[in-house]
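A.B. asks: What follows is each chain in one-letter form.
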Amino acid sequence: MSRHAANPLKPEPAVIKAIRQETYDTTTYTMGFREGERANRFSFEPGQFNMLTLWGIGEAAISLSSLPGGNGTFDHTVRSVGDVTNALRRLKVGDTVWARGPYGTPWPLKEARGRDLLIIAGGIGLAPLRGVIQAVTSRRSDFGKAELLYGARTPADLLYTTEFDDWRRGGLSLTLTVDAVPEGARWEHNVGVVTTVMDRATVRPGGGVVMVCGPEIMMKFVVKELLARGFRPGEIFVSLERRMECGVRVCGRCQFDGRFVCRDGPVLPYSDIKGRVGTML
Amino acid sequence: MDGLGERATALERRVMPEEGLDQLVRALARRGPVYGPVRQDGATVYGEVEGAQDLDLRCTPFTYSPKALLHRPRQVLFRAERAEGFVPREPEEDGRMSIIGVRPCDMSAIAALDQVFSQEYPDPYYQRRRQNALLAAVNCVEMAEHCFCTSMGTGPGLAAGFDLLLTRLEHGWLVEAGTEEGCAVLKEVESRTATDRDLQEKEELIRKAAAGAKKQLQTEGLPGLMRDRFEDPVWKERREECLGCANCTSVCPTCFCYDAYDVVNVKGDKVERTRCWTGCPVVDFARVHGGNFRSDRGERFKQFAYHKLCYWKDQFDRLGCVGCGRCMTWCPAKIDIAETAQSFRRGGEAR
Ligand SMILES: Cc1cc2nc3c(=O)[nH]c(=O)nc-3n(C[C@H](O)[C@H](O)[C@H](O)COP(=O)(O)OP(=O)(O)OC[C@H]3O[C@@H](n4cnc5c(N)ncnc54)[C@H](O)[C@@H]3O)c2cc1C
Ligand code: SF4
Ligand code: SF4
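Quick note, the sequences are listed as chains S and H, same order.
Residue numbers for the first sequence follow our numbering, beginning at 1 and rising by one.
Residue numbers for the second sequence follow our numbering, beginning at 1 and rising by one.
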């Protein structure tokens with residue numbers, strides 16, 4: 001393992017370049033580091049995350065929700081649920097957020113080359129997979145089939161709806177489902193939890209890679225269904241969420257069994273989780 | 001392997017008279033603050049000492065281990081001010097310090113913490129304090145009720161890792177220096193060259209201490225055994241007993257987990273990003289928005305026991321318990337993880 005000399009807990013300033021409201025509680029921020037080499041080029045892979053600081057409020061682990069932008073930019077899609085994530089909503093273009101990263105393991109995009117790809121996401125769980133979708137739709141011929149099954153609580157909770165058409169044009173097959181449709185809302189897709197649309201996937205065991213991200217309880221049922229359909233534990237990748245104070249394998253909060261989710265994960269093959277205690281999976 | 005400590009690697013071995021200990025503390029004090037075991041409110045804790053009269057070098061399980069001096073219970077990580085655009089500043093470095101009276105088990109715990117805090121991203125706060133610390137260890141010539149260092153291979157004698165190593169002989173102190181700096185300190189103290197007899201006496205004392213161990217934990221294949229017994233009914237009993245107070249993780253010399261938060265002044269323009277110890281028995285340890293991955297107290301206690309005796313092996317290729325006996329000594333519910341684990345060897349009756 002390479003050793004990092006600088007203080008790993010020290011965040012650096014990043015400037016917000018664009019803000020897009022995704023839903024009533026979720027916002028995508030495009031930002032770029034203000035200083036140093038990283039201002040022009042920030043390397044990371046989809047699946048990895050940054051720790052975002054607002055001084056005086058705290059720090060939060062937030063996935064990178066894009067591929068690296070040409071001019072050093074990167075996206076974070078944040079659902080406002082607590083102190084830091086709510087405070088982020090008050091920021092405007094040009095404001096500064098402090099960030100450190102990238103941390104953690106990426107999705108196995110390299111392994112997926114030339115193979116079929118099945119993405120199954122629930123709610124905010126689509127954020128860490130958006131970079132994968134950007135990679136697939138921009139280099140479509142590198143992959144076999146590309147399918148997304150995406151579930152949210154209600155139609156109003158779906159993220160990235162303005163990008164769906166681009167994704168379809170880029171060769172991604174999209175199946176949408178919501179748990180419930182409030183009265184008066186328009187909805188022409190499936191109603192039911194994401195496992196109810198799993199039969200619509202055409203990717204078969206042995207031919208590809210499955211990437212799953214969402215609430216752990218949802219991933220539990222998805223993995224169960226995948227195994228029942230013959231997928232092997234090594235073909236299924238999930239991204240776990242745990243409490244994190246450091247992101248660098250020291251604070252101990254994200255541990256389950258012998259693993260630190262911040263470094264051994266967040267993306268792990270199911271074969272690495274199976275038989276270990278401490279997850280619902 | 002440490003344990004009996006016969007083959008302690010030392011650059012120099014000398015014997016000081018009884019009063020030499022005071023000279024030694026004062027020699028260390030010329031280099032910076034000296035911390036050692038002192039009596040306070042009926043317990044032995046690490047405190048600043050000026051001379052030998054302050055020291056309590058009996059082999060008792062001190063509440064706080066030297067961990068508290070290296071991985072601070074509360075550590076300011078950064079200070080940031082609005083007026084400076086919140087550019088974070090690291091707190092000023094502390095200078096040289098000495099820690100005297102470190103037990104062999106605690107030396108092994110420091111080696112464990114060295115591993116934790118020097119992974120891919122070395123922790124500068126721990127590293128600085130560690131590099132600034134002169135370690136004057138002391139061999140154990142008696143074992144307290146809950147000590148099981150002999151099982152863990154961490155005591156009662158120490159083999160390596162010290163700047164200075166003391167052993168109380170019948171007449172005076174054997175002092176071994178493991179580093180150049182240890183040798184330099186030794187030069188400032190009245191002493192004579194140690195003889196073979198002195199070294200034999202030391203070995204004999206440590207052997208006798210080891211023979212007095214009252215407690216045992218068989219470590220061979222322990223991580224595997226723990227895994228096999230994950231659903232054992234004994235854990236249900238422990239669940240009912242444990243209060244979730246985290247005394248165990250606070251006193252444990254290898255527990256490292258922390259919480260980080262921002263402390264803000266009233267005007268809201270000055271921030272101290274701070275970290276402080278926490279432990280897996282605490283209710284919100286694994287809480288995230290929308291849920292708690294260990295809402296059950298029994299699962300939290302198991303995380304402690306399993307981290308020490310099972311998972312640590314996966315992470316750092318050793319066990320996370322050094323056999324100091326602190327957690328069981330200071331547990332208000334008298335829970336004893338070593339005894340619980342050992343009971344599996346006897347077919348599982350608890351305690
Ligand atoms: C690897 C990883 C990637 C993530 N990616 C995203 C993302 O792309 N978008 C997004 O909206 N959210 C993401 N989250 C969840 C996000 O980290 C939490 O929602 C956030 O930390 C909550 O912080 P808060 O201050 O707003 O909430 P509060 O509840 O006020 O936080 C209090 C404390 O709890 C901790 N905490 C609370 N919830 C979580 C949580 N779910 N995970 C970790 N720590 C938590 C915080 O670190 C903080 O110390 C991710 C979490 C992880 C672990
Ligand atoms: S094991 Fe004992 S010391 Fe530890 S949390 Fe439970 S009651 Fe407290
Ligand atoms: S687990 Fe208990 S006996 Fe083992 S090192 Fe920690 S405090 Fe000491």
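Because the hints were derived from the structure by calculation, they are not lab data.
For every residue, glycine included, the Cβ atom is placed at its ideal position computed from N, Cα and C.
A hint or two may mislead.
Here are the simulated DSBU-like pairs of lysine-lysine, each with C-alpha atoms no more than 30 Å apart in a straight line [what the hints assert, rightly or not]: (1) H:Lys270 to S:Lys220; (2) S:Lys220 to S:Lys274; (3) H:Lys270 to S:Lys10; (4) S:Lys92 to S:Lys145; (5) H:Lys267 to S:Lys17; (6) H:Lys187 to H:Lys236; (7) H:Lys334 to H:Lys236; (8) H:Lys214 to H:Lys187; (9) H:Lys334 to H:Lys215; (10) S:Lys224 to S:Lys274; (11) H:Lys215 to H:Lys236; (12) S:Lys10 to S:Lys145; (13) S:Lys220 to H:Lys208; (14) S:Lys92 to H:Lys270; (15) S:Lys17 to S:Lys145; (16) S:Lys274 to S:Lys110; (17) S:Lys17 to H:Lys270; (18) S:Lys92 to H:Lys267; (19) H:Lys208 to H:Lys270; (20) S:Lys17 to S:Lys92; (21) S:Lys274 to H:Lys313; (22) S:Lys274 to H:Lys270; (23) S:Lys224 to S:Lys110; (24) S:Lys224 to S:Lys145; (25) H:Lys334 to H:Lys313; (26) S:Lys145 to S:Lys110; (27) S:Lys224 to H:Lys214; (28) H:Lys208 to H:Lys334; (29) H:Lys267 to S:Lys10; (30) S:Lys110 to S:Lys220; (31) H:Lys313 to H:Lys215; (32) H:Lys187 to H:Lys313.
Output of the computed footprint for chain S on chain H, the stretches with three or more beta carbons under 8 Å from beta carbons of chain S [said to hold, decoys possible]: (33) 25-35; (34) 171-181.
A.B. asks: Next step is simple, just say for each hint if it's right about the structure.
C.D. replies: Going through the hints against the structure:
1. H:Lys270 to S:Lys220: Violated. Lys270 of chain H to Lys220 of chain S sits at ~44 Å, over the 30 Å cutoff.
2. S:Lys220 to S:Lys274: holds, 11 Å
3. H:Lys270 to S:Lys10: The hint holds at about 17 Å.
4. S:Lys92 to S:Lys145: violated, 39 Å
5. H:Lys267 to S:Lys17: holds, 29 Å
6. H:Lys187 to H:Lys236: Roughly 57 Å between the alpha carbons, so the hint for Lys187 of chain H and Lys236 of chain H is violated.
7. H:Lys334 to H:Lys236: Given that 30 Å is the threshold and the Cα spacing comes to 15 Å, the pair holds.
8. H:Lys214 to H:Lys187: Distance ~39 Å between Lys214 of chain H and Lys187 of chain H Cα, so the pair is violated.
9. H:Lys334 to H:Lys215: The hint holds at about 15 Å.
10. S:Lys224 to S:Lys274: At roughly 11 Å apart (the allowed maximum being 30 Å), Lys274 of chain S and Lys224 of chain S satisfy the hint.
11. H:Lys215 to H:Lys236: This hinted pair holds, its Cα atoms lying about 24 Å apart.
12. S:Lys10 to S:Lys145: violated, 41 Å
13. S:Lys220 to H:Lys208: Distance ~55 Å between Lys220 of chain S and Lys208 of chain H Cα, so the pair is violated.
14. S:Lys92 to H:Lys270: This hinted pair holds, its Cα atoms lying about 22 Å apart.
15. S:Lys17 to S:Lys145: violated, 34 Å
16. S:Lys274 to S:Lys110: Judged against 30 Å, a Cα distance of about 23 Å means the pair holds.
17. S:Lys17 to H:Lys270: At roughly 26 Å apart (the allowed maximum being 30 Å), Lys270 of chain H and Lys17 of chain S satisfy the hint.
18. S:Lys92 to H:Lys267: Holds, at roughly 23 Å.
19. H:Lys208 to H:Lys270: violated, 57 Å
20. S:Lys17 to S:Lys92: holds, 9 Å
21. S:Lys274 to H:Lys313: holds, 19 Å
22. S:Lys274 to H:Lys270: Given that 30 Å is the threshold and the Cα spacing comes to 46 Å, the pair is violated.
23. S:Lys224 to S:Lys110: holds, 25 Å
24. S:Lys224 to S:Lys145: holds, 22 Å
25. H:Lys334 to H:Lys313: Given pair Lys334 of chain H, Lys313 of chain H holds - Cα atoms ~25 Å apart, limit 30 Å.
26. S:Lys145 to S:Lys110: Holds. Lys145 of chain S to Lys110 of chain S sits at ~15 Å (cutoff 30 Å).
27. S:Lys224 to H:Lys214: Violated, at about 49 Å.
28. H:Lys208 to H:Lys334: Status holds; Cα separation ~28 Å.
29. H:Lys267 to S:Lys10: Holds: Lys267 of chain H and Lys10 of chain S sit about 24 Å apart, inside 30 Å.
30. S:Lys110 to S:Lys220: holds, 25 Å
31. H:Lys313 to H:Lys215: holds, 22 Å
32. H:Lys187 to H:Lys313: The given pair, whose Cα atoms are some 41 Å apart, is violated under the 30 Å limit.
33. 25-35: With 0 residues in contact (Cβ-Cβ under 8 Å with chain S), the coverage given for the stretch 25-35 of chain H is violated.
34. 171-181: Per the Cβ count (0), the hint is violated.
The structure fails hints 1, 4, 6, 8, 12, 13, 15, 19, 22, 27, 32, 33, 34 (numbered hints given earlier, in ascending order).
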